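Number of protein chains: 2
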Amino acid sequence: MIIDCDVHHTRKHVRELLPYLPEPWKTEIAKYGERKMNAGILQQEGGMRWDTQPPDGSPPGSDPAHMREQLLDRYNIAYALLSGSGHHITAIPDPDYATALVSAWNDHTIAHWLPQDRRFKMSLWVAHQDPAAAAREIDRLGGHPDVLAVWFSSTTRIPFGHRWFDPIYEAAQRHNLPIGIHPGQGGAMLAQPAPTAAGMARSYLEWHVGVSQLYMAQTANLILEGVFERFPQLRFFLVEGGIAWLPHLMWRMDAHFKGLRQQAPWLKRLPSEYVADHIRLTTQPMEEPRQARHLLQIFEMLDAERLLMYASDYPHWDFDAPTALPSGLSAHARERILYDNAADFFGLPARLRAPDREGRV
Amino acid sequence: MIIDCDVHHTRKHVRELLPYLPEPWKTEIAKYGERKMNAGILQQEGGMRWDTQPPDGSPPGSDPAHMREQLLDRYNIAYALLSGSGHHITAIPDPDYATALVSAWNDHTIAHWLPQDRRFKMSLWVAHQDPAAAAREIDRLGGHPDVLAVWFSSTTRIPFGHRWFDPIYEAAQRHNLPIGIHPGQGGAMLAQPAPTAAGMARSYLEWHVGVSQLYMAQTANLILEGVFERFPQLRFFLVEGGIAWLPHLMWRMDAHFKGLRQQAPWLKRLPSEYVADHIRLTTQPMEEPRQARHLLQIFEMLDAERLLMYASDYPHWDFDAPTALPSGLSAHARERILYDNAADFFGLPARLRAPDREGRV
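Protein chains in written order, with the UniProt record's numbering: chain A, 1 to 361; chain H, 1 to 361.
Simulated from the structure, these hints should not be mistaken for laboratory data. One should not assume that every hint holds.
Because identical chains cannot be distinguished in the list, a pair is counted as satisfied if it fits within a single copy or across any two copies.
Unchecked claim - Taking lysine-lysine pairs in the DSS-like style, the calculated list, with each CA pair at most 27 angstroms apart, reads: (1) Lys121 with Lys268; (2) Lys26 with Lys12; (3) Lys31 with Lys258; (4) Lys31 with Lys121; (5) Lys31 with Lys12; (6) Lys268 with Lys31; (7) Lys121 with Lys26; (8) Lys26 with Lys258; (9) Lys26 with Lys268; (10) Lys121 with Lys12; (11) Lys268 with Lys258; (12) Lys258 with Lys121; (13) Lys268 with Lys12; (14) Lys258 with Lys12.
Keep in mind that this is a model prediction, so the values were computed, not measured.
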């Protein structure tokens, strides 16, 4: 006779648990499935707008023709910077696997997307957990005329100002490609640190609120570590982190630098002065003050007419149409944010000469 | 014959290393000594204003008579909330030792400081790594008429919204004591997480810039975890973290809550609406925008006339006199920030009835 003390049984589908779950988890798991162990927080189902699934049932954002119709044509988008959906990759402990994955992403975008519409441009994925390999990827594809940027997931063990990343920055500067930082999965797998300055977030709601803290920390670290003295042409743009924290950060850095400048002796200007030359922010998602004029005041404080660039976050659930910019903005400011700032930053044609979908000017 | 493969030699004083060190470290170590291992970042020598050492050579801030003269009398301070200098204690892994230490701090303040001047009031230290013990300390001394608050170091393994801290919050609410949060030593000893949202700071300069990120994370965590629904009378005040980030945080929380409210179903109001009833900020150190009107706009956005309370940070190096408030502020706002807001918050007499140093009204 035998006693087996360890037999792993399972349920056929998570739905079988539903009768035994109380609300609100019953509804949550019925609608979205179980929370993934790699983040531990609930994300909306794929984070997608319900209406963005292509007619053939393929995933939202996977069909160039459908995106062209639903985004580019509908909203008069002259250029769309494709940024993919692999923000977990820089959290993967195996750098060789991660490097292979981002290269495959990049080649797939070049093969399947760029030929479909001249308005599609792309950000080049890199696995920054291996800076030398990331630099090689930039050298491999950074000269492609439709590659406008290098793309970082924010998920990292080491703050981006550290010299560990210098090989990437050398390559990006050599190819004159700005680096976009997009929220990743802080706290998951490799990812140090936790996603907020106080530790793990409980929910996707709290995590999403906290993205701006990460961008504040990275912006301060990049500037105070002297990255922009080491790489005077290097530029970053911060995606999905909001905007209204930037005046605070600039002013606090300047105030503290005045008393403690011996701790960053390589800086030749006030910390805030590096922002205009090296940092841009994108619009989505925008803060929502109760008084619209407060957002306009923030726009003035951070010089949004130069620093802010429109982004829709299509096909994600919190997509912002171009009309999401605050009313009360001057026509000039609106044009700069919707087009000119990004054209200047990425070296795209000026507004009146933007091509149509066949590439005609 | 013997070969000893491990013999620990040392130098008599760190000064002996100076001839072998290049600048700027030679000067730094000569002036400030070696960086402490518990934080790994340089702090100014004790962080003190050079002129605050009492005439007898004792440490800055250790002599009630000297503080009375240099701070209270000189600046017409009606009440001074003594907050001590033990912000490392909540990072100590031994909770019994930490609890003994904060109790000793509290008893010492009651014995040596409160009898010296009626204007001295105190914040009660607690070792929040042991919530039950911290609650007992609040019950032991929270009824003392000169105890106006409970004092948290920000150094914590767990975000403050977690129910782990509920015993402390029950006790603080029972005694009607608001909780002050002061920067601690994130990244040192017990302290999870690192002091910024991107990981360890390189320098004291970067660490100090990052304090506001921690306060943003804690404020979001307290509100989104529903602490103020569980403890409707509980209040917090955030010390030394700046102010201009609060509008951003309120607006971003509200914007995201509108789409994700099922993740914090216990909230009965918009996240920002909890701020006015439950959160206060102190003034020092203030952000320094190049245009003074920008700070006044921020004051309006966060309702500084109700939420902001003056603090000097005496005797620290970045002390702010009451005159550090921005010019352009109305006399009414100035009075509220310098006195009325704190009087309301801590239950002190209204301005015209504030006592003199002998306690006469």
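Which constraints among the numbered hints does this structure fail? Numbers only, ascending. 1, 4, 7, 10, 12, 13, 14
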